[in-house]
Amino acid sequence: MLLNREQSGKRWHLRPDGPPKVTGELKYLTDLTLPDMLYGKVLRSVYPHARLLSIDISEAEAMEGVYAVLTARDVPGLNRFGIATPDQPVFCEDTVRYIGDAIAAVAADSPERALLALEAIRVQYEELEPLDSTDAALASGAPELHPHGPGNVLHRTEIKRGDPEQAFANCAHVVTETYYTPRQMHAYMETEGGLFVPDETGRLNVYAATQHGYKDRMQLARIIGCPEENIRVVSSPIGGSFGGKDELNVQPYGALLALKCGRPVKMHNSRKESVRAGLKRHPMKIEMQTGISREGMLQAHRVRITADTGAYATLGAPVLNFCTEHCMGPYVIPHVDVEGVSVYTNNGLSGEFRGFGGNQAIFAMEGQMDRLAQMIDMDPWEFRRRNLRQKQDPGPLNQQILPTEGLSQVWEAVDRSELWQKHVHPQPESTRPPWIKRGVGAAIAMHGAGLGYGIPDPAGGRLSLNAEGKIEAAFSYEEFGQGLVATLEIMLCDLFQCHTSDLSIVIGDTDRVPHSGSSTASRSTTMAWMALQRLQHVFRNKLLTTASQISGIPAERLITGPAGIWTTTDSSSPVSSRLVTAYKELVRQGEAEDWIFDTTFHYPTTPDHVVGGHYLYTYAAVVAEVEVNRLTGETKVLDTRHIVAAGPVMNPMGYIGQIEGGSVMALGFTLIEDAVMQQSRYLTSNLDTYLIPTIKDIHSRLEVEAIEELPEGDPFGPRGIGEIGSVALAPAITAAIHQAVGVWINRLPVPREELMMGLDMLLPEGVKPS
Amino acid sequence: MKPPVHQEWSAVVNGETRHLYTAPGTRLVDLLRDQLQLTGTKVSCEVGRCGACMVLLNGEPVNACLAMAYQCEGSEITTIEGVRGESEGELHPIQRAFVEEGGFQCGYCTPGMIISTKALLDEYASPSQEQIETGLCGNLCRCTGYGGIIRAVKRASEHYSSGKTESPVVKAASGTDASEV
Ligand code: FES
Ligand code: FES
Chain U
1 MLLNREQSGK RWHLRPDGPP KVTGELKYLT DLTLPDMLYG KVLRSVYPHA RLLSIDISEA
61 EAMEGVYAVL TARDVPGLNR FGIATPDQPV FCEDTVRYIG DAIAAVAADS PERALLALEA
121 IRVQYEELEP LDSTDAALAS GAPELHPHGP GNVLHRTEIK RGDPEQAFAN CAHVVTETYY
181 TPRQMHAYME TEGGLFVPDE TGRLNVYAAT QHGYKDRMQL ARIIGCPEEN IRVVSSPIGG
241 SFGGKDELNV QPYGALLALK CGRPVKMHNS RKESVRAGLK RHPMKIEMQT GISREGMLQA
301 HRVRITADTG AYATLGAPVL NFCTEHCMGP YVIPHVDVEG VSVYTNNGLS GEFRGFGGNQ
361 AIFAMEGQMD RLAQMIDMDP WEFRRRNLRQ KQDPGPLNQQ ILPTEGLSQV WEAVDRSELW
421 QKHVHPQPES TRPPWIKRGV GAAIAMHGAG LGYGIPDPAG GRLSLNAEGK IEAAFSYEEF
481 GQGLVATLEI MLCDLFQCHT SDLSIVIGDT DRVPHSGSST ASRSTTMAWM ALQRLQHVFR
541 NKLLTTASQI SGIPAERLIT GPAGIWTTTD SSSPVSSRLV TAYKELVRQG EAEDWIFDTT
601 FHYPTTPDHV VGGHYLYTYA AVVAEVEVNR LTGETKVLDT RHIVAAGPVM NPMGYIGQIE
661 GGSVMALGFT LIEDAVMQQS RYLTSNLDTY LIPTIKDIHS RLEVEAIEEL PEGDPFGPRG
721 IGEIGSVALA PAITAAIHQA VGVWINRLPV PREELMMGLD MLLPEGVKPS
Chain F
1 MKPPVHQEWS AVVNGETRHL YTAPGTRLVD LLRDQLQLTG TKVSCEVGRC GACMVLLNGE
61 PVNACLAMAY QCEGSEITTI EGVRGESEGE LHPIQRAFVE EGGFQCGYCT PGMIISTKAL
121 LDEYASPSQE QIETGLCGNL CRCTGYGGII RAVKRASEHY SSGKTESPVV KAASGTDASE
181 V
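Keeping their order, the protein sequence lines are chains U and F. All the letters of the first sequence, read from the start, carry residue numbers 1 to 770 under the UniProt record's numbering. All the letters of the second sequence, read from the start, carry residue numbers 1 to 181 under the UniProt record's numbering.
With the rest of the complex left out, here is chain F (with noise of 0.2 angstroms):
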């Protein structure tokens, strides 16, 4: 085992462009948590089973534990500090469900959970049972028994297919009241 040469890498990251100097063989995730702070992408498996790493790689949910900084280079990534409301501060409605169904416990899978759950529901604004399911199968959590995620991604659907994406807000920043919907 060698130390890894640097090279120069550029892609764009929850749309701003990022250059860094890093090995081509640098995992996705070591790229995102430890050269650009983004520690919202978690990592738990690191092969590819467990889904807490998940990004979108131009629009699809990939394992940020499997793909290469090479791999990546050119494309846009968004992960999981670029999923946001419409205004500054305000949740997706993906989020804003997780909050009000209770689809996270300890959170740690929380943010690969919504990666996966955009990418389903962009496919299908209101998807079945199975399609969930399927969907949603890469992701693992061990707290929740899944019970309150499903619950929270058929609220969310409920937005996507009514268009609607504005709703009572719940806001972002921690400390803000959020007791009572």
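In isolation and in its complexed conformation, chain U is listed as follows (with noise of 0.2 angstroms):
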């Protein structure tokens, strides 16, 4: 189905979060104040890569208006952080790794006052030469950032499947390029930061964004040395994240600051800060050599992955195992050797971020099927086509995955699409001047969902009916611009028949929220789904039969409904039928708790022991047309075409929305982003230089077509879209390059230069530029 607005009819649903939003009512985290506040600052690295030699901090501490100057020696649990492996220092002891190592905090009275006070503090360094490449942190020799190595390798993935030295001898074609991927920002609009509360009773209250609330309040707990109960975090609404403020970025400094001051701190990174600080992309290097049979049946795969990950390991690990995993593609090949290294540099901070290093695997692999093609003079939706595995074939790791008919159903809805069409019949270049050129490309995709096998991912929820007679529904996931508040809204409407005005929906708060695990991996929807699933049976015969017992109505003749409970003759209706109870009065039956309904699962995992193996996937296809100006290298995309196999679309403006701006970040990605560094310091260090797609960027033409079957009895639901609108757009925008120029690209961003061509070359013999 085509989604806009006018197919969506009646489930076209208004956010609650829209009204304060578009008034500008809405306080973020960062919009927070108190009126005895004090503002924190943090005191970065001077050098990427250094040994601390010494820091004095007694001049700021002496200066009017400081009331805290915190180092290494005032953590006083862990002084490390890091979701998956702790080894970023909350404040650096002895080395600095990176440009945006941390070394000591302030907190002063005004925000001047603690920037002059960062001035003051004395730091001594002994500079080091930063390992500022891959290439240059795994040579031998290298010194090692971390004690743990060895050498500088963070993880190492490996895949290996049949005879593919003896394979690639027998192929009849073999394809070897190898990929480089950039280092895209997240660049959300709001940037780090929020406030940080002690209250009277000692416990500390955090509000700052964060992907997973429950995670940040056992890591600050470590960090401070007190049980996880003493913390309260609260992280939702939060202005943007795309995986990037899922780590701890400004929160130890504003906790300890708080603490050791006994006053509220703000804290509120600038855009430099930011970029200095934040997390990135995961730049990679693939070399990939693909081999065919005659007959153009993919025959040996060999893969090198090597992503930078930077100073520490925040996920560089799992991005790297979703990478390995990704590089495939959703292809059946009998011998595969595939081998990973994630690596340690003084490049800034590698991790997490949509897509999850599936969008630089895809881009290498789909990259190798259009040349393949093409060596065979093949069609290349057609040799996907003969490559694709079939339902029942197992997953990339060899894993069992669940059987969807997706994959092939995304890949017929390309073959038919027009606009592929235009590729197989590519019409004449007549009334465009010579140096501009059409080309139509497209690209295709299964990604993962979840954190896959051998990882704790656990998911649950809480359905309870509240003292105010509301149904709430209570998750630990967060708000950060995706919809799901009012994904939440649409699945309760629907299970109870009720209003959004009978609903409560708590999310973003370790003090109301059960766990229920992470707001990433696409994982939200699916869980929330399958939580209320599992709790709606006990929680509407508790208010049926709680009915039931006030007014002696059989329990088989009510229904949940707006205001309360309904009488029906028909039990899917309760139009023709009377409210009996309101929800108001049934809560006063009995004890609150009796009102309060929990679950707890874990996501669904694939019963085979490949770590990292996912067990759900999501399947997508991308047509794209560009048009690349000879003269200038500049590629505009004109018109796109996004089939998405999800499952049943609960949302369609959060849909849309999600699949247009992942095809947006996609864009960047492949056109314009790259956070440049040279001898590991950023280049681009706002967004005047660091650019990201405006409006005049964007393709003019944006079509989201949903494929909603799901396997007959699906336990598992709608599946989530957060990052499968962002995979495949490139490769799909570099076949259209190549079809358009004949240029084969293997670098994102596309560098320019390798499409331009001076204009002599561009006219038609005789004729002269005027």
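It is possible that some hints are incorrect.
Unchecked claim - Think about it this way: if two alpha-carbon atoms lie no more than 20 angstroms apart in a straight line, the pair counts; the simulated SDA-like pairs of lysine to any residue are:
no., chain 1, residue 1, chain 2, residue 2
1, U, Lys584, U, Glu468
2, U, Lys696, F, Ala119
3, U, Lys636, F, Gln131
4, F, Lys154, U, Asp697
5, U, Lys696, U, Gly758
Unchecked claim - Covered stretches of chain U, going by a simulated chain F footprint (3 or more residues, C-beta under 8 angstroms):
no., region
6, 182-196
7, 480-491
8, 663-676
Think of the hints as simulated: they come from the structure by calculation, not from any bench. Beta carbons are placed, not taken as given, at the ideal position from N, Cα and C, and that holds for glycine.
Both chains are sitting in their own frames, so use the hints and assemble them into the complex.
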């Protein structure tokens, strides 16, 4: 179904956070203030790599209006953080490893004073040569950035199947190519920050964005050296994240300063500081060698992935796992030899980012497919069809995955699309100037959801009737713009036939929500849906039997509806019935606890012991039409069609928004974005040099087609679509560029100079530029 | 760097004359957010690129991170808090259009987007695609991919060009039911 407002009818649901967002009334956590608060600032390293010889804070401490100056000595608990591998120091002790490393933090009564205090801290360094590339870090004799070695390797992956050596020898055609992807920045509009408030009881209230409040609470408790219950984390609403706020950022500093001063402390990173200290997408070098038989069947695939993970681990290992899993695409390849390595360098921090390593892998693999198809002069889409995995085939890691028709459905949707027909039958380039060339390309992808086998991925949720008589749903997920709250409203209204005014949705507050895992890996929608499926029966039963006790009407003749319980003759509709009891009245029956229902479960995983292997996948294909200007090297994307198979569309407005937003983010990844570093320092330190797409740069047309079918009786419901819109656009664009101008692109963002040609080469013979 | 010296300052902010003490070199964005608690104006790049801080200064859109207090002395400033519908609690047609078309996600760029849209539609009631692109290219949005924003601007322009500023109400108060238009 083509997804748009017209097609969506009554499901076009207006977001409850709309009015406060469009009026500016909504307080983001960085907008919060308190009358007696202080301002926190962090002193970061001057060098990307250095030994710390001494830190003198005496002058700063003595300054008027300065309330605290903290260094490593002032961390009561663990001086480290990191979701997976806590190896990032809160404050560096003896070595700095990147340009964002924190050395000290101050709290003062004005931002100006806090900055003055930072200037007054005297740090002596012994500058060291930065390891500014993975090559430098892997070179023999390179200094080890972390003691846990060997070398500067954070993580290695390996998949070997069959006999690739022999298979390559027998291949009719082999393509060898090396792909490079950029250090993309999340560029969420709200930079990191928040308010940290100690209260009279000794508890610390943290109001700062994260994708997983409980995980922040656990890490902060470890740093402070206190029980987790002493901390409350409030973490929504969030002005964008895309994976970039999943790790702790300002929280350790805000928390420690607030506790030290006994006063609220506000932190808010400037954009420059955010660029310097924040996560980026892993730049990767992916070498691929892929061989096919004479008939065009994939035989052998050799891949070497090198990921620049930067100074600390963050989620470098899981990102590499994901990239490794996805670098074989949705294809059947009998002989496989994949090795990946994630390397510590002094280049900033790489971590979690929408697509999670899939984007890089899919760009490379789909690039191989197009090159191979050309070698044997076959239509690239037909070439893919021959090699696609079938419904019952195992997943990329040879693991069992849930069989769905998703892959063939997205393939077919492209095949019959008008846009793809333009590739098959290119139109004559009559009216355009000779330096403007058009082309159409397409790519396909399967993308794993959830964290994968062997990684704790707990889920759950709570449904209750609260004291105000509202149906309250509570989850530890976060609203960072994706429209989670609206989706929950839709699901609850569907389940209980009630009105949005009957609902209370609670997220983003560790004091008020149960543990239900993180808002990552496109998992929230599926997990919330599964939790509600589990809870709805017990909850409804309780409502109906209580209403039956009050009214004397048998429970079978009662249903939930707007404002309360209704009688019905027809069990599916409350229309012709009457209100029996209001929810408000029901909740007065019995104890408050009687009205609370919890569930916990685990994200569905493959039964096979394949660490990181996924069980649920979403499928997508993208067709893109581009126009390349051969004089300027500029590529303009004219038209795109995203086809997504992710199950039923819960929230059409949110779905379209996620695909459009993901697609334009991928456009940036493909054509313009790169956080350029030289000698491990950012050359692009703000949004005037790090360019993200503006309204002038986007595709003039973007259509979203949703394939909603799931296997019959599928117990997992709608799949998340937060990432799938961003993973397959790059190879579609580069394929289109190839059709337009015959140049194979292997590096992103697409280097314009590779597409430029002199005017004299473009004009037909005999024509002179006037 | 020395602590700044404060002076008297006044301007008409959202229709109200405001007097305060501030350093002449205070950025308008800080003055609005910190001194007047008008946090609807956002701060993101601080170099005039992203438009999150956009306000109207005597009717013209300006980046509040680049305007200094002394430059705004005595002028008329409209922030997002000053953009409202005709009656109490009602959304402005542009705001309504953003809600109805899904012209926002995280919402952090939204106040600035709406200010720029207002400046655009005040000048051209039914802007061409090119005018929309020019009018909004100083506002970055990382979430929506701009699709919903363009649809919202077009919808709002229908109201503008038909002279119709009233239509079914979506109330501004949070918690009010905003489903199914
Ligand atoms: S904060 Fe003013 S333009 Fe970005
Ligand atoms: S809605 Fe998030 S930046 Fe525009």
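For each hint, the structure was consulted:
no.: 1; hint: Lys584(U) with Glu468(U); result: holds, 6 angstroms
no.: 2; hint: Lys696(U) with Ala119(F); result: holds, 18 angstroms
no.: 3; hint: Lys636(U) with Gln131(F); result: holds, 19 angstroms
no.: 4; hint: Lys154(F) with Asp697(U); result: holds, 18 angstroms
no.: 5; hint: Lys696(U) with Gly758(U); result: violated, 26 angstroms
no.: 6; hint: 182-196; result: holds (count 6)
no.: 7; hint: 480-491; result: holds (count 5)
no.: 8; hint: 663-676; result: holds (count 3)
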